[in-house]
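**Student:** Residue numbers (my numbering), protein chains in the order written: chain C, 2 to 167; chain U, 2 to 167; chain F, 2 to 167; chain P, 2 to 167; chain Z, 2 to 167; chain Y, 2 to 167.
Everything labelled a hint here was simulated from the structure, so no lab data went into it. Fair warning: there could be bad hints in the mix.
Because identical chains cannot be distinguished in the list, a pair is counted as satisfied if it fits within a single copy or across any two copies.
Stated by the list, open to error - Under the rule of at most 27 Å between Cα atoms (straight-line distance), these lysine-lysine pairs were calculated in the DSS-like manner:
{"no.": "1", "residue 1": "K157", "residue 2": "K91"}
{"no.": "2", "residue 1": "K166", "residue 2": "K26"}
{"no.": "3", "residue 1": "K157", "residue 2": "K26"}
{"no.": "4", "residue 1": "K166", "residue 2": "K95"}
{"no.": "5", "residue 1": "K26", "residue 2": "K95"}
These figures come from a predicted structure and were not determined experimentally.
Protein chains: 6
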Amino acid sequence: MVQANDFYFGGLHLAGNVSNPVGSKVTPVTVAQLPGLNTLGISLARIDCAPWGINPPHTHPRASEILTVIEGTLEVGFVTSNPDNRLITKVLSKGDVFVFPVGLIHFQRNVGYSNAIAIAALGSQNPGVITIANTVFGSNLDIATDILAKAFQVDKSIAGQIQSKF
Amino acid sequence: MVQANDFYFGGLHLAGNVSNPVGSKVTPVTVAQLPGLNTLGISLARIDCAPWGINPPHTHPRASEILTVIEGTLEVGFVTSNPDNRLITKVLSKGDVFVFPVGLIHFQRNVGYSNAIAIAALGSQNPGVITIANTVFGSNLDIATDILAKAFQVDKSIAGQIQSKF
Amino acid sequence: MVQANDFYFGGLHLAGNVSNPVGSKVTPVTVAQLPGLNTLGISLARIDCAPWGINPPHTHPRASEILTVIEGTLEVGFVTSNPDNRLITKVLSKGDVFVFPVGLIHFQRNVGYSNAIAIAALGSQNPGVITIANTVFGSNLDIATDILAKAFQVDKSIAGQIQSKF
Amino acid sequence: MVQANDFYFGGLHLAGNVSNPVGSKVTPVTVAQLPGLNTLGISLARIDCAPWGINPPHTHPRASEILTVIEGTLEVGFVTSNPDNRLITKVLSKGDVFVFPVGLIHFQRNVGYSNAIAIAALGSQNPGVITIANTVFGSNLDIATDILAKAFQVDKSIAGQIQSKF
Amino acid sequence: MVQANDFYFGGLHLAGNVSNPVGSKVTPVTVAQLPGLNTLGISLARIDCAPWGINPPHTHPRASEILTVIEGTLEVGFVTSNPDNRLITKVLSKGDVFVFPVGLIHFQRNVGYSNAIAIAALGSQNPGVITIANTVFGSNLDIATDILAKAFQVDKSIAGQIQSKF
Amino acid sequence: MVQANDFYFGGLHLAGNVSNPVGSKVTPVTVAQLPGLNTLGISLARIDCAPWGINPPHTHPRASEILTVIEGTLEVGFVTSNPDNRLITKVLSKGDVFVFPVGLIHFQRNVGYSNAIAIAALGSQNPGVITIANTVFGSNLDIATDILAKAFQVDKSIAGQIQSKF
Chain C
2 MVQANDFYFG GLHLAGNVSN PVGSKVTPVT VAQLPGLNTL GISLARIDCA PWGINPPHTH
62 PRASEILTVI EGTLEVGFVT SNPDNRLITK VLSKGDVFVF PVGLIHFQRN VGYSNAIAIA
122 ALGSQNPGVI TIANTVFGSN LDIATDILAK AFQVDKSIAG QIQSKF
Chain U
2 MVQANDFYFG GLHLAGNVSN PVGSKVTPVT VAQLPGLNTL GISLARIDCA PWGINPPHTH
62 PRASEILTVI EGTLEVGFVT SNPDNRLITK VLSKGDVFVF PVGLIHFQRN VGYSNAIAIA
122 ALGSQNPGVI TIANTVFGSN LDIATDILAK AFQVDKSIAG QIQSKF
Chain F
2 MVQANDFYFG GLHLAGNVSN PVGSKVTPVT VAQLPGLNTL GISLARIDCA PWGINPPHTH
62 PRASEILTVI EGTLEVGFVT SNPDNRLITK VLSKGDVFVF PVGLIHFQRN VGYSNAIAIA
122 ALGSQNPGVI TIANTVFGSN LDIATDILAK AFQVDKSIAG QIQSKF
Chain P
2 MVQANDFYFG GLHLAGNVSN PVGSKVTPVT VAQLPGLNTL GISLARIDCA PWGINPPHTH
62 PRASEILTVI EGTLEVGFVT SNPDNRLITK VLSKGDVFVF PVGLIHFQRN VGYSNAIAIA
122 ALGSQNPGVI TIANTVFGSN LDIATDILAK AFQVDKSIAG QIQSKF
Chain Z
2 MVQANDFYFG GLHLAGNVSN PVGSKVTPVT VAQLPGLNTL GISLARIDCA PWGINPPHTH
62 PRASEILTVI EGTLEVGFVT SNPDNRLITK VLSKGDVFVF PVGLIHFQRN VGYSNAIAIA
122 ALGSQNPGVI TIANTVFGSN LDIATDILAK AFQVDKSIAG QIQSKF
Chain Y
2 MVQANDFYFG GLHLAGNVSN PVGSKVTPVT VAQLPGLNTL GISLARIDCA PWGINPPHTH
62 PRASEILTVI EGTLEVGFVT SNPDNRLITK VLSKGDVFVF PVGLIHFQRN VGYSNAIAIA
122 ALGSQNPGVI TIANTVFGSN LDIATDILAK AFQVDKSIAG QIQSKF
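Bound-form chain C, shown alone (with noise of 0.2 Å):
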């Protein structure tokens, strides 16, 4: 018999630790955090961004995503599919909402002076996250080498390079 706590996730008010080479934090609300999402399809996560901070291009594959900043100043963006690839930004202030249609490249970059803050609602209770470079550069085991320098249009020499700090 279900109990309110099936229902609840507590301490979305702590700043994540954002000392990290991206700058960022992403504290998810999902079905694994919160078994009471199971089935209703959406789920959240608190968004954490240093001064110098970015949240790196990534994806949702199964979920769209509507975004609230509760402090700070956020250049949000996303890029449209082939053959446009159109880039669709905005700097965003406390109290504004963007929107990352599902399955979409998308950021944030924190170009405020202080800490940002935002909450990230997605239309799904299992979402996924995809970081690009991680996800290219830094799988497990390697994308071969060659692949990525031809993708990527380096040489391998550099793709090389990338995938050594992943």
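Fit chains U, F, P, Z and Y to the given chain C structure using the hints.
**Tutor:** Relative to the frame of chain C, chains U, F, P, Z and Y by itself:
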């Protein structure tokens, strides 16, 4: 051709006007306010609640809801469907998250001493809102008074008095 | 291995017992009664209504409904969602069909001189039923009386009296 | 602005004309007859069947069906898909309910001595009907006779004779 | 933990054995053969057809189909639903693509002088196949002969003869 | 009124022109090329790959994919989402089938000595394609170079050089 503003909505940091009989205000961000939500199956709302206020019992006919408390203290609850009609309830503080499954009657009440603010995300671009009391006792035209008297097990005079207030 | 009886349910010609405060009885045929409905997204119910009876205002959180009058005369209605809350209503005779969109509050009332019978089909194998009055005033545990008093704009004493009847 | 009549259809108590080669008549109530069904994913049909009549083998390409016998006695059946092709069949009396899963070939036959009446609910506002014999042997233009001869393992002359009747 | 082989199926380059009454063979690649298709809503089949062969009229109860001719010449067709029952047909050569909407009766016939090969993709991981003639005349147990006689407008003796072949 | 040609597309036997930096060409057959696919939720593409070519890492934001090798030898792979980012990879020969789940980054590489050909079926009539490198480094307008430098952990000069090539 889509532009960034098609995916943008501003002003959700502004407090809603809670000077009304229930002491609360809901500011929606659905496809009616933010056209870029079309076909994406998600939306948002900001909930403001005065210290003495409630967001009265209501349903969303086409969406589940996931709510995050931004400021203050809210008692929240929903009631399961027939035959159990169990009240699932919890007092939430800043940073707490709670889920209301699609179509179930739910409410919020400020049980703190200051204004409360919450962000609610919904699993439809057009979730709809049905405030129970207004819809049942304040529809346009009125539901026949004896139907309400029988349903709520009150005298027709009392049912009529309630109707006259809406 | 499935058998014919997995897809069968009997007895829907039998009148439901309407000797109760609302003078009506709903006999459901959902996946709980008819296992073969699993994954098929449809179900049924028989509605019996005494001449003085009502099927009180209720919603189905996961299904639209299409109702056919088999015997008698029923006034039916539903109320549209906020902000209009329009009552859409009609008196139906034998052979009349009416539709209630998903999640909207609706009701039936016998306005004839004999028992009325209807067959309602629903767009889910597990549609759920939320009888508004029972759910709001008779939940287990009670919703706080002052929430109901404020929502229905009545004195707490009246709200408490209604609660005590459920 | 919607009106009650948009959600209404009348006359389903009227017997369909069963004076035809198969001795049955289906009266549909889909979105074509009842516009308020649009987007709601449900519809109805009344089935009349003379004592010697059948509702011949057919499918609904976009809907499961749940049938209730209102009067009379109907043998109903559906056949499971390849490779088993099991016939799942049962004789139904007044008040009996039976389910036909989406897309499976099914039929009804009056096995009583009086007219039979059933109400069928379907899980689409536009379920479609494909009467197998008419569609295969009576399409406009004809399917090549040797395809039908091979499929049904009959001489081309017999296949052609059947085609000539439709 | 998933492995590459969970997403792999081999051998679709191998010709199916067309030594059978209809001169064709379908090799399915559904979730039953390729577990990684689970929840993904797609599947495949290879169709081989001898110069004198047909893939007899059939439906997929849960999937639309998009077919590509790899070798040879195929006449393909589907019939629209009631009441029009229009035959939509075309002769396809290598590299031609054709679509069969969900649940509609369709077929292929080799109208060339060599074996024909096609790849069909389907919009379900478990599309199902209902071969019309086998299902109607060869079900296990038999559909009553007089139902088939009436449906196909043939003498019961002819209906029985067709049944005896399946 | 629909015609056969609304459901038809020709020419998929023709080799795509692989004289380009990545040595591959994708020929789509989506609802834009084949109107009859509308609402049917499936589509196709032909993939040609020169012996030295790759189909660079990309995603389909709205579709899973099932690929069949028609000629040649292809190494294929996809990377699972965060946090594991496992590379699931396999070398495929003629007649081999492989699945790419919705939204995951995947690629193909010709590891043989002749042109490779594959047919990919997709679970949407409008699946979309996002070529990762072009989208991230070649969007119109550019994503800010320092975002890419930080995301890919390279100097801004290298990020800028990659951007200048797209």
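**Student:** Within, between, both or neither: how does the pair K26, K95 come out at a Cα-Cα threshold of 27 Å?
**Tutor:** both (18 Å within a copy, 19 Å between copies)
**Student:** If the cutoff is 27 Å on CA atoms, where do K157 and K91 land: within, between, both or neither? Let me know, please.
**Tutor:** between (35 Å within a copy, 22 Å between copies)
**Student:** Checking an output row: K157 and K26, CA cutoff 27 Å. Within, between, both or neither?
**Tutor:** between (31 Å within a copy, 22 Å between copies)
**Student:** Since the copies are identical, ignore which copy is meant and state whether K166 and K95 lie within 27 Å (CA to CA) inside a copy, between copies, both or neither.
**Tutor:** neither (34 Å within a copy, 36 Å between copies)
**Student:** Checking an output row: K166 and K26, CA cutoff 27 Å. Within, between, both or neither?
**Tutor:** The answer is within: 19 Å in one copy meets 27 Å, while 31 Å across copies does not.
Violated hints amount to a single one, hint 4; each of the other numbered hints is respected by the structure.
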